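J.: If you want the building blocks of each chain, they are given just below.
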Amino acid sequence: MTTETRRRDLRRRSRFKFNWKRDLPLWGLILPAMIYVLLFRYKSFLGIQIAFKNYRITKNMWDCAWVGLKNFDKLFGNPMFTTVLRNTVIISLLKIAIGFPAPIIVALMLNEVRSTRYKRALQTVMYLPHFLSWVVVGSLVFMFFAPESGVLSQLWKSITGSPINIMMDPKGFRWLLVFSDIWKGVGWGTIVYMAALSGIDADLYEAAHIDGANRLQQVWYITLPCLMPTIMTMLVLRMGGILNAGFDQIFVLQNDLVYRVSEVIDTYVYRISFSQGQYSVGTAADLFQSVIGLIFVVAANKISGLFDQEVL
Amino acid sequence: MTAAATKKPKAKRYGVTNRMSVGRVLIYILLTALGFVMLYPMWYVLCVSFSNNVAMAGKGMIFWPVEFNLDAYMYVLSTPDLLNIYGNTLFVMVFGVLLSMALTICAAYGLSRKPKGYKFATYFFLIPMLFSGGTIPAYLNMRSFGLLNSLWSLVLCAAFSTYNCFILRNFFASIPDSLMEAAEIEGAGTITTLVRIVLPLSMAGIATIALFYGVGYWNMYFSALIYCNKRVNWVLQVFLKEVLISSSADIMGSGADSTAGMKTSSRTVQMAVVFVSVVPVLCIYPFIQRYFVKGVMVGAVKG
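Chains as they are written, first to last, in the numbering used here: chain A, 1 to 312; chain B, 1 to 303.
Accuracy of the hints is not assured; some may be wrong.
Said to hold, decoys possible - Here are the in silico distance ranges between beta carbons for each label pair:
| hint | chain 1 | residue 1 | chain 2 | residue 2 | range |
| --- | --- | --- | --- | --- | --- |
| 1 | A | F76 | B | M129 | 45 to 53 angstroms |
| 2 | B | S144 | A | F76 | 28 to 36 angstroms |
| 3 | A | P101 | B | I185 | 21 to 29 angstroms |
| 4 | B | I127 | A | T160 | 51 to 59 angstroms |
| 5 | A | Q217 | B | I175 | 38 to 46 angstroms |
| 6 | B | R290 | A | R260 | 41 to 49 angstroms |
| 7 | A | P32 | B | S144 | 16 to 24 angstroms |
| 8 | A | L216 | B | M129 | 37 to 45 angstroms |
| 9 | B | F120 | A | D256 | 26 to 34 angstroms |
| 10 | B | F68 | A | K157 | 25 to 33 angstroms |
| 11 | B | F36 | A | P32 | 44 to 52 angstroms |
| 12 | A | D169 | B | L39 | 26 to 34 angstroms |
| 13 | B | F36 | A | G212 | 33 to 41 angstroms |
| 14 | A | D73 | B | F63 | 51 to 59 angstroms |
To be verified - Result set (DSSO-like, lysine-lysine): computed pairs, CA atoms no more than 27 angstroms apart in a straight line:
| hint | chain 1 | residue 1 | chain 2 | residue 2 |
| --- | --- | --- | --- | --- |
| 15 | A | K59 | B | K230 |
| 16 | B | K119 | A | K43 |
| 17 | B | K119 | A | K17 |
These are computed hints drawn from the structure, not numbers from a lab. Bear in mind the structure is a predicted one, so any value in this text is a computation, not a measurement. Cβ coordinates follow ideal geometry from the N, Cα and C atoms, glycine included.
One chain only, chain B, in its complex shape:
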């Protein structure tokens, strides 16, 4: 067998040669380094939260927890407010996602079928995306509904995103018309067609958009800061920010320190709070990740 004969099929398969050149090795190294830079901070947070605060300050910590223990988590989980704050955040996320998905799916489907005059609706949705009244008018508007300091203000302030709606509309539009026409000829109504034909075919797009909304609600900070700044209505991000900036004040309000040497200001406790707040995102993300690459591609690129 000659060298040319062995090389040829490879070249044909990839359209290019596939040998490991110096350049490619360099690219592998760079990308691996980049991946490390992305992952390491999160790993570090985890390690700090499991470490002993005093020992860590003395020895320094690089890659593994120093004197592994769960004290920080014990302390965080014993915070009386935490359950309430977690509940608030969950409430906002669950109702937010339900409401926004209902609004977005319906509007996206309606637009994708192009009823007479649909362009009016498109512009109607587009204008607030291009020009917003700003923070204060939105705040005053929320106040005029009497929703300030109610968790519903957080649910409602982000319940519809024109951008997400257009992505989903493009996703729906990529489904062949003939499928829906066939269903309608068989006597299916608009809703039946949507539920029975379109939704099952669009799970990738729907999962993607639901993830976008869910993460948006979970990570909501600015709106929570202006609409819901009473302590009873705190959501996780506001609480986390308070924990991070509190150096001496005991923001967790657990009174006398139950665990010796534990303070809110201690690094281990702060990082335990950080980790507790990202756990839900870390849990959901890998399952939806395989969908959203596809979802974003069809929705955004094919247009």
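The shape of chain A in the complex, shown without the other chains:
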């Protein structure tokens, strides 16, 4: 037996036993975070019970009476919830359909920029919106799209002669949500693809070049297939959040005129709970969203085997 195999053997054997001297301090380091998660995540699961109770904010939740599935009946019986659910799915599918390919395309274009300095400058500028809050981005949107005073609204009026009011137009508002989302996230989204692009073997391009492939063919036959695993991973992660259309964005941009096309589960929960005091029904909606989200994540995980390979 060589020293190397003996060492490996030793290491393998030590993995089965709790090594007090080595493992205890490490667990000591993990423990504070576990206590935090226990207190602020797991303990909050206890509050889910009010979805099945008749809860009043003035009372202790343990003292309220059980009502079975009455809150869910109330939730699903409300025609508004159907609208809310449909809005959520439509807005998030639109965001995926347009917002998902956008960073891939931008990353491919950035990859063609040969001047490192210019590329870096572009990246710096494009990442920046990611670090602005939705309240700030919302104020930019107001600035440009507000009906009378907005810069783009005025421009549109001076060109076409007819006023435009996208912020209050039920047809246009969802597109406003989609494109402001893209504006904020497209640059940041390129990071992971830029990383994958930098990992592609340059020999492949050279071979393709010798075989007479032009740049477009190289992108189609080399770059895209090499990016495929990353693209699929990102898509799966994105599908998992299908019922999260984004509270901050919608809450900031929303107004009464577009309420019916833009109210999503997150904003609905906030409204019926904190404005109308129906905490139990709000929690029922919350729970519904969490369960559907979990189903999507687990299904996506099954399809890709993602968590086995990358996260765990």
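Got chain A; can you put chain B on it based on the hints?
T.: Relative to the frame of chain A, chain B by itself:
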């Protein structure tokens, strides 16, 4: 010298030809346009905040401030509440980042060294990420600790992110084991190894995660809305939203308008508030940017 001889080294260096084709020119134009679309709104905000409100409405403004002046900033900075609100936000960010970095670094390092049974901890952290109780249960939980309307609720509601922890764990795991084993053979304890060996080698990852937490706390809106909606506890984002929607009410509470013609509803004042609220992010971001590309790449891609 023939044409082929001059071309060849270039082709070899890039693996492709490097001439400016029509397509590439088009890409440059598109990307430059995109960069402009990203930057212009922020520049515009800055210009509006330095403009004269009345003159701007008359002439319109495209690229430079109209009748440059600092009135809007004078007005905003004289708001009695602003200092308090800035202080609140700073408090939440500073304590939030300190606490979350302490929790995250320790947990990430512990996990990266894979003690016996570490998988249990991994799942323990992962489950709340996949399934959350929702807004109201979290709110009730915060209430059960008596933290509502205290800034600590904002510090505590986001003090640990499993996602950030896993990125940092992957970053730590990319450090060769032999370095840490060597240190431990020399007699260094777990903490010493972490502080003396691992942390200095992971500054890129740590700076990245600290930036993520910091920006998260600074931009926190929803949590602030539900946990801390009393005026004394307002943070910047909540204040900003109030300023933006207030059309007539004087939300800044400075009583009689000190500067003639200045109102909270005036565009210049609103944009001055926007700018004041993004200044810290704009200041920190360029310094950490060079780290986070590297940090995110190692943490997220190498897995």
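J.: Run every hint past the structure and note whether it holds.
T.: Here is how each hint holds up against the structure:
In this structure the hint that F76(A) and M129(B) lie 45 to 53 angstroms apart at CB is violated, the actual value being about 27 angstroms. Taking the beta carbon of each, S144(B) and F76(A) are about 29 angstroms apart, inside 28 to 36 angstroms as hinted. The hint said 21 to 29 angstroms for the Cβ distance between P101(A) and I185(B), and at roughly 51 angstroms that hint is violated. Distance hint check: the CB atoms of I127(B) and T160(A) are about 54 angstroms apart, consistent with the given range 51 to 59 angstroms.
Our hint of 38 to 46 angstroms for Q217(A) and I175(B) holds, since their Cβ atoms are close to 41 angstroms apart. For the hinted restraint 41 to 49 angstroms between R290(B) and R260(A), the CB-CB distance of approximately 46 angstroms keeps it satisfied. In this structure the supplied range 16 to 24 angstroms holds for P32(A) paired with S144(B), their Cβ-Cβ distance being about 20 angstroms. The hinted window of 37 to 45 angstroms between L216(A) and M129(B) holds, with their beta carbons roughly 40 angstroms apart.
Against the hinted window of 26 to 34 angstroms, the Cβ-Cβ separation of F120(B) and D256(A) comes to about 50 angstroms, which falls outside the hint. About 27 angstroms separates the C-beta atoms of F68(B) and K157(A), a value consistent with the hinted range of 25 to 33 angstroms. At about 46 angstroms, the CB distance of F36(B) to P32(A) agrees with the hint of 44 to 52 angstroms. Between D169(A) and L39(B) the Cβ separation comes to about 27 angstroms, which falls inside the hinted range of 26 to 34 angstroms.
Separated by about 37 angstroms at the C-beta atoms, F36(B) and G212(A) satisfy the suggested range of 33 to 41 angstroms. The hint said 51 to 59 angstroms for the Cβ distance between D73(A) and F63(B), and at roughly 58 angstroms that hint holds. Between the alpha carbons of K59(A) and K230(B) the distance comes to roughly 22 angstroms, so the proposed pair stays at or under 27 angstroms and holds. About 21 angstroms separates the Cα atoms of K119(B) and K43(A), which keeps this hinted pair within 27 angstroms; it holds.
Simply put, K119(B) and K17(A) have alpha-carbon atoms about 15 angstroms apart, close enough for the 27 angstroms limit, and the pair holds.
Hints 1, 3 and 9, counting from the list given before, are not met by this structure.
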